[in-house]
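Line by line, the protein sequences are chains Y and F. Per my numbering, the very first residue in the first sequence carries number 1; after that it's consecutive. Per my numbering, the very first residue in the second sequence carries number 1001; after that it's consecutive.
Treat the hints as calculated values from the structure; they're not laboratory data. Hints should not be assumed to be uniformly reliable.
Among chain Y residues calculated to face chain F with C-beta under 8 Å, some are [claimed, not checked]: (1) A136; (2) M397; (3) I456.
Even for Gly, the Cβ is constructed at its ideal location relative to N, Cα and C.
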Amino acid sequence: MGITIKSLSIVFSPLSMVFMSFGTLFGVVCGALPGLGPSMAVILLLPFTYAMDPIVGIITLVAVNVGAQAGGSISSILLRVPGTPSAIATTFDGYPMAMQGKAGRALGLAFTASVIGSIFSAIAMLVATPLLSNVALKFQSAEFFSLALLGLSCISSLGAKNQAKSLFAACLGLLLSTVGLDSINGVERFTFGQEFLLNGIDFIPVMIGAYAIAEVYETIGRSSSGNSNESSVLKGAKFEFIKLKDVLTKWKTYLKGSIIGTIVGIIPAAGGSIAAFIAYSEEVRSSKTPEKFGTGVEEGIIAPESSNNACVGGSMVPTLTLGIPGSPVAAIIMAAFMLHGLTPGPLLIQQQPAMLQSIFFGMIASSLLLFVFGKIVAREFTKILKLPYPLLAMLIMVLGVVGAYSLRNNLADVFIAFAFSFVGYFFNKYGYSTSSFILGLVLGRIAENSMRKQLIISGGSWLGFVTRPISLVILLLSLAAFLSPYYRKFMSARKSGGVC
Amino acid sequence: MKRNIKTLLILLSVLLTITLYVPAGGSKEQGDKSKALDFPKRPIEIVVPFGPGGSSDMMTRQVASIMTKIVGKPVNVVNRAGGGGIDGMVYVAKAPADGYTLLQITPSHAIATALGRPNADLLKDFDPVANFQIDIQCFGVAKNSKFKSLDDILEYAKANPGKVKIGGTSPGGLDEYMANGFAKAAGVQFLYVPYNAAAETKAAVLGGEIDIYQDKVISFLTMVRADQIRPIVVLNNKRLDMIEELKNVPCSVEKGIQFTQGSWRGFAVRKGTPQPIRDYLAEVIKKVYESPEYREASKRDMSDIIPGYIGPKEYGEMWVSEIAKFKEILGKK
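Chain F with its partners taken away, still in its complex shape (with noise of 0.2 Å):
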């Protein structure tokens, strides 16, 4: 008899547990329907896959302050640096693909890809959000350097292959790609010397240790402006004009060398979120970049000098085209 009342309320728990899970997986279908709407329930997390401080790391906190107010839940940045951006890479990869983790990619992701390193493919893992910010890349030598344009420096080059020393950070990464880019699009050979830092790069071409300082457009025109560095060339397609400093110093094209690269800030998510969770993301993304609050801060810090927004559909081709572009050149050493 009283094996007889254990069983049957073992029955009763169990039916009554199923019964319970019924209704909740009928929401659960609905939800699904209703996805653009419910997203996002809980604190979305952006990963930078670089330390605090650096221009990406900025970027991403003033993003997360402005899009906490439209998302409506918190934004939180963690910055995951390691291995020139791979680690934070990896961890996004692994996450869960429902929108509530993105990652901050810059050009260092698209080359990690292009180089094959493990575990690592922005185009396998990633599905793309939106970009936000471009800068271009600038050339530029010491106010007391012997060289004082860029056909100086060519020059020299031809008639000393090898010895004109370019500097940039990180090995195998994005300074390396623009500096043989360039000087292969302009027939000659630089010396590429690696620094851990910006700051260190900064110091050895002002002491003379390096010829050629390299560096995006915002950082650059600091060094311009502090008047320690004469710009000799923009690595664009036409002159950067809406810089006051940067009117009269010539873009590569101009100069018949077919090379032009910046770098990017942009945001991805893993591969498989849903659609309507990125679009609405990239929505999101859009609303921060056109917000009065960003457009002030960005006008301040001179983010802004050339637009940065780009959609998910061309973000997505601009990957394919850039990993090509860096596996030619980076590929073959």
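Chain Y extracted, bound-state conformation (with noise of 0.2 Å):
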């Protein structure tokens, strides 16, 4: 109790609540700006916790943290460049939603959802700390192959006009996947003597030229006539605040989205994007209408922002106590600890027995914080759209250079951005999925080095996918994922009666 008490005035006390509400807010800056990510984010404060009582630098940091993967959502729906790696699930659902003049709605449920997800992973982490670090260390090899396995399989649902396009659209991405050093052996592939290759393809300049680009291409051969349906997106661009009704309506959405976002978290080296993905998936496999997600499903936003943000609780348990950075911000979070002289592991729980409930009283402020900054700079960003598109599509372009640009400060990955975004727009023209497209890219590096791991361990068997228990469950998840759109269309096609 004492220790509660000492920890609540730790946080509400003036100078940490001002520390915090600023560290949401450039957390949310950072997050919506493509370019600047939660790690950057993260980085650029550092610097100035130095001089702070610890805890509160900590609380500071994971502040912003939270509120990074919150802003992410907005440049993804309002223009289709997502702002954070882990909010490029939620352009799915969230730019067709703006389109239909629901942005403010699409944002409000962004923002629902991050600050559910966050309380959630608080108070996972709280109570379930010292049990839940275990399952930081089930998960090997294997089971991370699972995993990317799992998030792999929705391609059968994104593509749910034309299958065989989809599948064709995710081997490309695996494919390029392999570009680069290959991570087992160091040797290079497929760079035909290009430095800029040898670290591959990012799937960010990729997915701002496929999404971002492409889209204003298309949006200008669609509308060289006018402006279409411009006032309709502006009527409702108010960011517009849900309703607990709403909320509870879907609260198997949020609930699932959590859930996975904080156990993705838990996971050393598995961040926001992967459980962004995981969820999306398995929000589509569970629903009954999968057909129409990418249209705009309400869902489509909700299950992606709750686990980014779930997230950011999940990775605080791996690296309090063991100190085991569990997605990549954890560990610069984790290195400010090492600044602060404290380290993270078992022992800092006794030594600063504050830390752990103080993070928690800090994650569940700085959620709250979300709904009042995420009003704010989502107004703010807004009103971009009042612009004529000729100059809107001249800032998305911009923006779109300056987050390839600087993910690496190369040259090079803006004309990979300019080379995709060709790729985009005939994929879209024709029918292919882009989402299987990145979905491949992104996954697939991982797929492939934790799957290469594992045999060398088995000493080249592959039984030790399905004889790992975790592993096996995942992977049957995955087969059901894949299987379920064909075996919806089989039984509504017996239904009708026609097939025998």
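Dock chain to chain to rebuild the complex, using the hints, since each chain is given by itself in its own frame.
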């Protein structure tokens, strides 16, 4: 009890509230700007925490992470430019919703889901840290591979219109993910002696090109005659608070997204983008109308946004108990612990008993602040939709170029973005699924790497994937997810009676 | 008549331009002579060829913030991650040799040179400035591992060649070199499993997927203090007596294994940077190293366990010997 009061007094002291509010706001803005992700946001604020009390410093950085994970949805929804890697899945349904004139509602859903995800994971972190830390160790190479496969399994749902084309796009993505230095032997693959290909084709510039820039081409092509639906887009652009009743009717989606995010967060080195993909594909799998996803379904925003924020709390679990960062951002926060002379691990809980609870209260406070800052930042960002399309298109291009360049400060990535803008444009035009393509590219590397590691460890035997219980369960789930659209089609065809 | 005036005007302007250039050129030459005083005139950029948040990045950000105060101009840190440190290396190799662009380097760059990776040659394209931190590699096993000591592992490894699994990051990089180099010196064979990130390696050893965990002493100590890892050997020629937790851990040389290797983090500039500027930068780095601010910070995060500053001349010699070593073990693959 004494510890609780102490942590409350630390978190709710005026000074730490100021730092936390600033941290959350800074995070939301960085998240919303493509090219400044959660990692960069935390790094930029890190030097300012040197002089702070360690606990205040850490909760400020956690607040930045909470803000950035949520802020990424803003540009995903409004511009189809994912603000952070973990907001990729949000573009699938967020942007179509905005196009239907429901941008404000989409933003409201995204922030509500983010708040619920953060709070859920904070509670999970507080209650179950000692228990959950062992979960982190259950996930080894075999399980990583199965998880990647689960993420990939939603390609059959993403391409509801034409399965063959969706599969083709996914395979192309998988193929592209093999470019660069291979991660097991360090062999150069498909680099053609070009040094910029050594590190492979990163998915961020590809995504910016294939989604954002391709969309610009398409809109210009479609509406060269004039502004088609802009007035309706604008009407609904006001940030909408989601009613509690609304939340309750979709409680399953919020809860599932939060649970998936927390678990993926706990798994070392797996971050918000993977969590968002898995939550999205699970939502599609369990939906009664999977074919509607991708056209602006509310669940398609809730699932990824609740899970990428739930990752924040989840990733703190192994960081605090084992000294193993649960996500790339948690790795930076761990470095912050070290700079304050603290050693993450079981001793930390003994040395700084107030730390765990302070992080818990800090996360709750910054999550609630998200509503306020989300509204403010989103309001400012929605103003850009008032621009006439030629100007808006310019802005999207500029943000896209900056986002691609700032990834590694490399001009080659900008060219990659433009190259894939044509791929995205023609994919859209001829009904190939860009999302399947990106999914293949993002998850291909994880799948290949973990599969080959497992094979090295097992001496070449494939049995490891099915003899490890968690891996087997995930594999079966992905099989179910992959086959469910076919099964549904089959069932409905039988019901309508034409098939023998 | 009109035409004449025009030609006159042109002639005059050309003449004026030339006269304007003469003193400018003169002052430039003067500037060359007093360069040590004249540098830096604008912000300095330090390129970290790795992502934000790693030990190289954290060190460079500390250095930059103290360096700013010493040189009186902003010192900016730029991350150019990619290709295992090569992207940033290539970038600095193409920057002007004026001392305004520094490259933060690690053994990865010496390894890239040893392996002959395209466009990356530490010796041909760079001049040493100074080394800043030195780390020593340690091996350990999980607390609940069936192996209790180095002898246990070596005995098992001799009976079962290629069965003892050791993890590390970056294929063909420093970790693989240390795993293979140690095994070779000990007369055994390990199975090396490369992971994407240090976090994955840690989870893999605690989850029992691999047997040996290797890491640099600072990160290693974190795991030992967290009571997760039992240290078994330090790759050094003497025990690390100054660290309480590692006092009773044997070093490789005392076990008769002639293999020592650590990691180092320092700075380089492009080849051809004038000597006075290089001397000045080395001096500044030394001042940063000795500054009370850095002393205090490095004490807190334990990066001062092994004295790290090495001056330009010795640093250059170190590059040559390191690259030769890497060539011997990694080049034969």
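### Query
Among the hints numbered above, which are violated by the structure, and what are their numbers in rising order?
2
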